[in-house]
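Position 67, counted from 1, in the sequence shown is what full-length UniProt numbering calls 67; the numbers after and before it change by one each time, with no gaps.
Think of the hints as simulated: they come from the structure by calculation, not from any bench. Remember, predicted model here, so these are calculated numbers, not experimental data. Yeah, the Cβ is synthetic: ideal placement off N, Cα and C, and Gly gets one too. Worth double-checking, as some hints may not be accurate.
Distance ranges between label pairs, derived from CB positions [said to hold, decoys possible]:
hint, residue 1, residue 2, range
1, Leu93, Pro21, 16 to 26 Å
2, Asp13, Cys56, 33 to 43 Å
3, Thr29, Tyr6, 13 to 23 Å
4, Ser78, Val17, 16 to 26 Å
5, Pro21, Asp94, 13 to 23 Å
6, Glu84, Val17, 33 to 43 Å
7, Asp92, Ala63, 15 to 25 Å
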Amino acid sequence: MSDHLYVYFKVPDERAVEALPHWHRWMETVAEATGIGGTLMRRPETRAGLQTWMECYADVPPAFEATLAGLWHQSGLSQWVSGERMAERFVDLDVL
């Protein structure tokens, strides 16, 4: 069974273009620190002037979420986020 971590958050629409390169560097930092590369996605629509972005990480070990949180607190990227980052862990649905 593989664990997947999805981290979603809101970015103000007017700051999204400016924020994107910072997120590319963030994803590189996470990959270098953990050995786990992720993908960055967003919802196609904007709601109330906010875009929803999501980092997706596959095959993560149990400690990955705590490591990611530690990296996040050191990153200085919270200035680009409106509200909180939310993380959810999912597993493959192989067997019930």
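*Which numbered hints are broken by the structure, listed smallest first?*
1, 2, 5 and 6
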